[in-house]
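Just so we're on the same page, the working numbering is the position in the sequence shown counted from 1, plus 3.
Hints were generated in silico from the structure; no laboratory data involved. Heads up, some of the hints might be wrong.
[Said to hold, decoys possible] Heads up, simulated DMTMM-like pairs for lysine to aspartate or glutamate below, C-alpha to C-alpha not over 25 Å straight-line:
1. K437 x E469
2. K437 x E473
3. K658 x D643
4. K594 x D614
5. K658 x E288
6. K437 x D643
7. K658 x E579
8. K594 x E568
9. K437 x E497
[Said to hold, decoys possible] Cβ-Cβ distance ranges computed for the label pairs, FRET-style:
10. F306 x H214: 39 to 47 Å
11. F209 x S136: 32 to 40 Å
12. V232 x V261: 36 to 44 Å
13. T414 x V232: 52 to 60 Å
No experiment lies behind these values; they were computed from the predicted model shown. Beta carbons are placed, not taken as given, at the ideal position from N, Cα and C, and that holds for glycine.
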Amino acid sequence: MPLLPALLLASFAFWSGTFPGAAAFPAGAVGQGLVLAAAIVGAASWRDPLRLGPAGRWLAAALVAAVALSLVVSPVARAGRVGALLLPAYLLLPSFVARCWSTDRRREVGLAAWSAVVGATAIWAVAQEVQHSSSRTAMPLGHHNLLAAFLVIALPLTMPALRRRGAGRWLALVAVVASVVALVETRSFVGGAALALLALAGAARFERARHLVCGLALLGLALLVPRAVAIARGDDSSASAREVYLRAGWHGVIERPVAGWGPGSTPWTLAEQLQPLPGVNPPGEVVGEMHSLPLALAYELGFVGLALAGAVVGLFCLRRWRGLASAADRALVEAGLAGVAGFLLTALGGAQLSVTALPLAAALAAGAALAGEGAAGKILGQRQASSGRGRLRRLDAWGAPVWLYVAAAVTILLPLARAQALYDRAAGLRTRAKAAPLVAQAMALDPEFALYRARWAWSSDAPVGERAVEAIAAARSARGVAALWLRAGALALEAGRTDLAREASERALALDPLSGFAPFHLATMSRDLAAVAGDRERSSAVDCAARALLAEPRLAAASAWRGREELLQRALLRLEHWPGVDAGWRVEMLKQAADAVLAPGAPGSPGGAVDEVELAAQIDTTPALAVSLHLFRRSPWPADVARIRVERAAVRRMKLPSAAAMHESSPAAFPRDRCAPL
Numbered sequence: 004m005p006l007l008p009a010l011l012l013a014s015f016a017f018w019s020g021t022f023p024g025a026a027a028f029p030a031g032a033v034g035q036g037l038v039l040a041a042a043i044v045g046a047a048s049w050r051d052p053l054r055l056g057p058a059g060r061w062l063a064a065a066l067v068a069a070v071a072l073s074l075v076v077s078p079v080a081r082a083g084r085v086g087a088l089l090l091p092a093y094l095l096l097p098s099f100v101a102r103c104w105s106t107d108r109r110r111e112v113g114l115a116a117w118s119a120v121v122g123a124t125a126i127w128a129v130a131q132e133v134q135h136s137s138s139r140t141a142m143p144l145g146h147h148n149l150l151a152a153f154l155v156i157a158l159p160l161t162m163p164a165l166r167r168r169g170a171g172r173w174l175a176l177v178a179v180v181a182s183v184v185a186l187v188e189t190r191s192f193v194g195g196a197a198l199a200l201l202a203l204a205g206a207a208r209f210e211r212a213r214h215l216v217c218g219l220a221l222l223g224l225a226l227l228v229p230r231a232v233a234i235a236r237g238d239d240s241s242a243s244a245r246e247v248y249l250r251a252g253w254h255g256v257i258e259r260p261v262a263g264w265g266p267g268s269t270p271w272t273l274a275e276q277l278q279p280l281p282g283v284n285p286p287g288e289v290v291g292e293m294h295s296l297p298l299a300l301a302y303e304l305g306f307v308g309l310a311l312a313g314a315v316v317g318l319f320c321l322r323r324w325r326g327l328a329s330a331a332d333r334a335l336v337e338a339g340l341a342g343v344a345g346f347l348l349t350a351l352g353g354a355q356l357s358v359t360a361l362p363l364a365a366a367l368a369a370g371a372a373l374a375g376e377g378a379a380g381k382i383l384g385q386r387q388a389s390s391g392r393g394r395l396r397r398l399d400a401w402g403a404p405v406w407l408y409v410a411a412a413v414t415i416l417l418p419l420a421r422a423q424a425l426y427d428r429a430a431g432l433r434t435r436a437k438a439a440p441l442v443a444q445a446m447a448l449d450p451e452f453a454l455y456r457a458r459w460a461w462s463s464d465a466p467v468g469e470r471a472v473e474a475i476a477a478a479r480s481a482r483g484v485a486a487l488w489l490r491a492g493a494l495a496l497e498a499g500r501t502d503l504a505r506e507a508s509e510r511a512l513a514l515d516p517l518s519g520f521a522p523f524h525l526a527t528m529s530r531d532l533a534a535v536a537g538d539r540e541r542s543s544a545v546d547c548a549a550r551a552l553l554a555e556p557r558l559a560a561a562s563a564w565r566g567r568e569e570l571l572q573r574a575l576l577r578l579e580h581w582p583g584v585d586a587g588w589r590v591e592m593l594k595q596a597a598d599a600v601l602a603p604g605a606p607g608s609p610g611g612a613v614d615e616v617e618l619a620a621q622i623d624t625t626p627a628l629a630v631s632l633h634l635f636r637r638s639p640w641p642a643d644v645a646r647i648r649v650e651r652a653a654v655r656r657m658k659l660p661s662a663a664a665m666h667e668s669s670p671a672a673f674p675r676d677r678c679a680p681l
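Modelling step: build the complete structure from the supplied sequences, incorporating the hints.
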């Protein structure tokens, strides 16, 4: 039993809780099952699993209620259904650890196993960096910031083992050295700062080594000063991008301050609030989190949910701190609180709760603090001394609600897991005819999950009109995912549904204003400019054509301009006076566009035919930037969401970069609600 927390940590660190692992079947489903099983082990303390006291325990209940209410009123309720369902199980994890480590001997064995897991994680990270010649450590978590956060949370629990004799001490020593090396190699600013601050706060506990620990911590902070200065000056591109996310998150909080957008809503809705910066945010950028947990909680749960979450964490830490004097293992309580503090510090610069290894490690660290108090051991001893019939009575009194909760959770989660299994099989086939039936089955089991409906529309052999309607429905369900709207617009154009195509393209433009595909679709919906009714509509078509060229200069060679030559010429004239774009770029654009445009039927290949290629907007081609992985927590499945045919020879003559990729361009040049600035 004392090995269970370490084994659970290992499962999540190496498989079911990593960035890619939690998004795949069966790893994600197994992780959910393990958390529910751990909740059953800790079921005896279901009335107050965090030991917040007679009044404080209602804060945890209020938090669960606030999350449930936010889910009910959320415009994207499916996004956070699994997370909200598993929240009670995560709240029971500390009592699970307290029961597993209820005696001194159990704590000794458990901490040795914990050190082994942390050391193995760090060693694996360094080994993978060396093997793949990477610039940073990232594996097995899948991202350098995630690995840094995990190590900052888990490392403090190796410290109590350093004071013990035997193999556990050596395991802890290896874990400490390997973790520090791995964390340094992540080059994570937040992770390094958090570890240094924790080391400074706990330096006095290292007795003879306190001066060394303090000196190393100060050295680490000193090494972070240049990066901090760059961030303060605005010279750090990563920090500049995060500023965009934070500003968008704050706008979302102001729009829905009470109940928020719903748990898990950030990936599906944040793009509605984003105003990307040219040269900082690339076109088609995938933003799955806003890199600040407090702001993310306010965004998803509202200020009420944020206040309740803060109150629960604050009261938990306060009660553990006040009980230090009477704790059975003071060092373990302090280590557990340090792990929780590490989670809170790293959460200031990251909010990816969907990578479940992080919240799980924090919950287990909180459980270590409970185990160090020793109260769980007394309760367990009383239960073991009672008769079997007494244990059944207490199971009925204390554990029955947890068993009922777990049964209900399994009933809800099983169809969702089955749907994910079918989807993963379809993604692995990469053959449209074979994949579509599997996606249809997944959609039937989980009809509210937008990605399944979208993938069916993209891969099915059904009539294109039916597929276009389903693609629009999927995009509306996910709301703020530009790729879904862009593909839906392309299908609607193919089906001749210009009403749906216009709606989808306008939404895609608003969600991804630095891309040229959506304005190109809006500009070319009519066959020629003369067919557009009304001066306002013709002006809008010209504006959208110019906007498309601004974002993607190679579109000047698009084959769709044949028969629309007047539209192209007017767009180039409009581009000449476009505000917010470097004048030199505009002059060069007009020059290269004139050279690139070929007369209809110009010889580009033998026989006089025009040699054409396709410019494609793609998703999931780079796993680390995959829409499916970041926004839907599903395995990547590469696909084209839009294709535009261009003349090969003309494209080769276009050497100009996108104006959307230039720092000199103003965000006002790329408005979200229309094609051209006012």
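Problem set entry | Whether the CB-CB distance between V232 and V261 falls inside 36 to 44 Å | Holds, at about 39 Å.
Exercise. Does K658 pair with D643 here, judged by a C-alpha cut-off of 25 Å?
Worked result: holds (24 Å)
Problem set entry | Agreement of K594 and D614 with the hint, judged by alpha carbon distance not exceeding 25 Å | holds (22 Å)
Problem set entry | Cβ separation of F209 and S136, checked against the hinted range 32 to 40 Å | For S136 against F209, whose Cβ atoms are near 35 Å apart, the range 32 to 40 Å holds.
Exercise. For the pair supplied as a hint, K437 and E497, is the alpha-carbon distance within the 25 Å limit?
Worked result: Judged against 25 Å, a Cα distance of about 23 Å means the pair holds.
Exercise. Taken at face value, is the distance from the CA of E568 to the CA of K594 at most 25 Å?
Worked result: holds (17 Å)
For this session: May I ask you to test the hint 39 to 47 Å on the CB atoms belonging to F306 and H214?
Result: holds (44 Å)
Exercise. CA of K658 to CA of E579, is that 25 Å or under?
Worked result: Holds, because 18 Å separates the two Cα atoms, which is no more than 25 Å.
Exercise. Is 52 to 60 Å right for how far apart the beta carbons of T414 and V232 are?
Worked result: For T414 and V232 the Cβ distance comes to about 54 Å; the hint holds.
Exercise. Holds or violated: are the alpha carbons of K437 and E469 at most 25 Å from each other?
Worked result: The hint holds at about 19 Å.
Exercise. Hey, K437 versus D643, does the alpha-carbon distance stay inside 25 Å?
Worked result: holds (18 Å)
Problem set entry | Restraint status (C-alpha distance of K658 to E288 at most 25 Å) | holds (23 Å)
Of the hints listed earlier, there is not a single one the structure fails to meet.
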